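**Student:** Listed below are the residues making up each chain.
There are 4 protein chains.
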Amino acid sequence: MCTAISLCGKKHFFGRNLDFEHSFGEKILITPRNFPLVFRHTDSVHSHYAMIGMGIVSDGYPLYFDATNEKGLSMAGLLFSGYAHYHKLNPEYTNLAPFEVILWVLSQCANTEEAKELLGKISVTNTHFSHEYPNTPLHWIISDKKSSIVLESLREGIKIYDNPTHVLTNSPPFEMQIFNLNNYMPLSPFPPENKFGGNLNLITYSRGMGALGLPGDFSSASRFVRAAFFRANCKNEKNEAALLFDMLKNLSPLPGCVITEDGKVEVTIYSSCVDTEKGIYYYTTYGENKVSSVSMYEHDLTSDTLATFSYNLLH
Amino acid sequence: MCTAISLCGKKHFFGRNLDFEHSFGEKILITPRNFPLVFRHTDSVHSHYAMIGMGIVSDGYPLYFDATNEKGLSMAGLLFSGYAHYHKLNPEYTNLAPFEVILWVLSQCANTEEAKELLGKISVTNTHFSHEYPNTPLHWIISDKKSSIVLESLREGIKIYDNPTHVLTNSPPFEMQIFNLNNYMPLSPFPPENKFGGNLNLITYSRGMGALGLPGDFSSASRFVRAAFFRANCKNEKNEAALLFDMLKNLSPLPGCVITEDGKVEVTIYSSCVDTEKGIYYYTTYGENKVSSVSMYEHDLTSDTLATFSYNLLH
Amino acid sequence: MCTAISLCGKKHFFGRNLDFEHSFGEKILITPRNFPLVFRHTDSVHSHYAMIGMGIVSDGYPLYFDATNEKGLSMAGLLFSGYAHYHKLNPEYTNLAPFEVILWVLSQCANTEEAKELLGKISVTNTHFSHEYPNTPLHWIISDKKSSIVLESLREGIKIYDNPTHVLTNSPPFEMQIFNLNNYMPLSPFPPENKFGGNLNLITYSRGMGALGLPGDFSSASRFVRAAFFRANCKNEKNEAALLFDMLKNLSPLPGCVITEDGKVEVTIYSSCVDTEKGIYYYTTYGENKVSSVSMYEHDLTSDTLATFSYNLLH
Amino acid sequence: MCTAISLCGKKHFFGRNLDFEHSFGEKILITPRNFPLVFRHTDSVHSHYAMIGMGIVSDGYPLYFDATNEKGLSMAGLLFSGYAHYHKLNPEYTNLAPFEVILWVLSQCANTEEAKELLGKISVTNTHFSHEYPNTPLHWIISDKKSSIVLESLREGIKIYDNPTHVLTNSPPFEMQIFNLNNYMPLSPFPPENKFGGNLNLITYSRGMGALGLPGDFSSASRFVRAAFFRANCKNEKNEAALLFDMLKNLSPLPGCVITEDGKVEVTIYSSCVDTEKGIYYYTTYGENKVSSVSMYEHDLTSDTLATFSYNLLH
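Residue numbers (the numbering used here), protein chains in the order written: chain A, 1 to 315; chain B, 1001 to 1315; chain C, 2001 to 2315; chain D, 3001 to 3315.
Rather than coming from a laboratory, the hints here were simulated on the basis of the structure. Fair warning: this is a prediction, and the values are worked out from it, not measured in the lab. Treat the hints with care, as some may be off.
Derived DSSO-like pairs (lysine-lysine); straight-line CA-CA distance at most 30 Å [claimed, not checked]:
| id | chain 1 | residue 1 | chain 2 | residue 2 |
| --- | --- | --- | --- | --- |
| 1 | B | Lys1010 | A | Lys145 |
| 2 | A | Lys195 | B | Lys1145 |
| 3 | C | Lys2195 | D | Lys3071 |
| 4 | B | Lys1290 | B | Lys1011 |
| 5 | D | Lys3264 | A | Lys264 |
Please model the entire structure based on the sequences and the hints provided.
**Tutor:** Printed below as a string of structure tokens:
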């Protein structure tokens, strides 16, 4: 399971947790402007925005879990089990395989407005990358420094939502996650008011009681509420990157708190926090709280070759 | 398990649910003024306030579950498992067996002030009524038309509390039940305010959302919160007795919703609602929602003989 | 706001609360087989199943809030603010005004299977009954003695759902209400198990703790969960009608617990419980807990004239 | 507000968050064996166990917030507003000022057994350190590598509790915090079971749903439940210190999520994690997630001089 947050303060930071029971061998990947992007059902793109993100390379192809392009537009795919529906080829649309969606958007769009327009023309198809890699059910958050949107491919087709919370987790669909927030409307960082009636002399026995009711478990609906509450209330003007990492840390399943059906322990494999203006990908990994980083602009972005940075090289 | 509520409106009504897996063969009992009250460890009382209530008669002795005297002072014993502690005889106090406490108070006190003073001098002893009837762990609510108090006999001794909620259920001790209300401080009958932060446009999709968080199960802590919330907010000036019955109905475990450790079904054996001024004991029983009643003043209160009214005679 | 429950035990009882801040002057209405049913956009029906239910008569037209036909098929309309969407006339469908839907279904269908087929062909149109009566946003539950379905007219069109909970309240849409039940999966009438970890010696200090987490407020989502839990767990084989009334009573907003935006008090105007086989409409009204009834078969069902029974005549 | 956790795995780590709206200028303090410990109402101790911890030095006196001695016994004081009661001098007891309690225990005791015996003889007096420093209301957790106890000075006197949770936060008293855990008994890291009844086909739409109901806010009662759940379920055998820091991080109020009555922002000033065997005090501070450390054994423990290590020197 995963959590993504776009933090729009003085600067813009985009981050996510990838929570799973094992690593995928993912690396930091820089795709420079002239790396040819081949798509299964539509024309290749030979010149495009460069991007940096986390993912794996298979057969020379960058499969991003999340990425940010040189315009600062950022995108992350998050598990969407039980709801993601990938369709048959439809000649009325640009047909994209799920693993192509991040590349398609970040190679061409400078902001969420452009992404919205582009995504209005696509269909996400049930095209597998290979026999080894069946499609993962995903939905996506796309953020620039001002706004966020969500892309879901449901049975009834593509859905694009404005996302005023700037956060995304997993199932259920975004519409339900957003609706669920209504139930938490009165939560606040401030001390609660006594409205119980009967003139009972109730006391605020602890700080923080204004947020009583905030869910603390690591299910996707609870993480959505908590992430939205943090995103809406937290401030650290001196260190916004640290704040984003702190939020992600709270939303990260502690080892042993989430056990899968087959007895495995889910943990946060990595947490990322991208300085979208500077193109620096900061990250921590399970077992290593120290922040590492890779900077896009230290690489030759006019190149036509992928650059990869594995964890081992970095710490 | 049980719930008691004292409703102080234009008139004073005192009521309770007795929730259990079976009836005890309880009846409405009227104890007239000259019925001799014998106590195990203190002097008998031959002339006293008359009272009406529900209970059983054993060896000619009235064992009240709840009762109201001719001054309107009302009292109910409620199960208090795991916390009630009955003590050894202590010559410094008036020693009372648990089954004598209601008689001791209602025979002598006209209001909660008098009851508080009297109870400051007692110790509740572990004296059994008989071999057949071991002592039930109990605590008590005592109410007049203005105020309510709670009596608990804990390991550390007698505790007497003012009870501004005017309700009582079961374990844990009253102090914890009252403390727990602090967690429900912001609940209200009014629509909730959006304090979530982030300028999210959250909606009130239903009436009643201001009380989101009110517990709906039938455990004693949840019933205490719900009873206190109802008591603090409900009004029905035209029919206060009906309102009290309605509250008790909401707090009554629906058959099948509370199963005991040994697989039995707990239900509300009876619900009572006493017009404390008129001395009328209204009640419903499991399987009979129609309200029946017995009036104290239709009986000769100068008598020295108990009057009993069984359910069968009444409906 | 409203709650409807279909109870399928030895017999079939269908009931509902109508919760509002005032009565509509509703009456029990019997529509006999030959009362001509006129529809705005489709042909009149002159011979049909008879039905009994609660509603108002305007210009000689029966506007049912809920009803049961002589085959036992039952249907109730419940407020569905913010989601009900009534459409323009569509020649591909049978166009029905919202106030015609109950008549259309109950006049023709003997069970939910037939209703599902019929409803697959309709569109609900934004046709007003009159200038005085704008359309109420509604959705509907339809139940026979075995199964229940839900009908919603959303922006994207007619939705028909199987309803294994056999209950319905108000907004949000049924799909969300059903999804929300997943969050209450572990609730049970049985004592809870200690799974907290760490070998902590936690105690079950009260009966009923297995259902801790059940919401107790009167918002539509909380009532849906509570109604579904009661429907799934409650049993009273001796008196199923009483059980249904008891459930509805728990779900009925106590006066003062739900205050509207403009300061009005929502209460349960009436609660109904129909013996669908015998065609007897049992009901209680606000301020009158005593059950009244009207029997369809005591009326001449071959008549062509509406029969109405006002509250005043009945108690 | 604060959170303390004792983690007993292969090794023993003891840690705490100190949450407040500002720093106190606290430093890491090493008190060597021959630093004379002067007590207000009892004899001075000139030779004792050495200890390391966090606190401030005033007039040459070490005022520890938390500390660990060379036997590995660890102790932390946590805010206990509204309940801590400091008494008059009582000649039957060893009278200790609140700020002397940690020194008294850690200077003499090697484990919790010894601490329990010692604490049975004390009374905590309302002796102020100075005019500038009024007493802070505190309670204490004391842990060795096997067990934890809690010390509270209440109105009715000293209370010493075994603490099988190995965690402590703030008010209410420990007995209530522990009791409250009963309400969370069924929570688990494993997927939930469907016990809802009615054979409803409910789904586990997310991992982590077995802990639904775990509170996520930063009030003291919610932190207690969350800390106890984490302590009871989390494991990271490869890096137990990291696990303890991760738990503390989750329990640390994010900046902006807890606002005080006078509008200040509560944050975690520092988090500590002591390797109690090696006498190494690891810590992070607000704004500095990188772990720093001070080792007791790198200092001359036979000295008679306090050693202090300020934050600035360390990073």
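**Student:** So which hints don't hold here, by number, going up?
**Tutor:** Numbers 1, 3, 5 - these are the hints that the structure violates, sorted from lowest upward.
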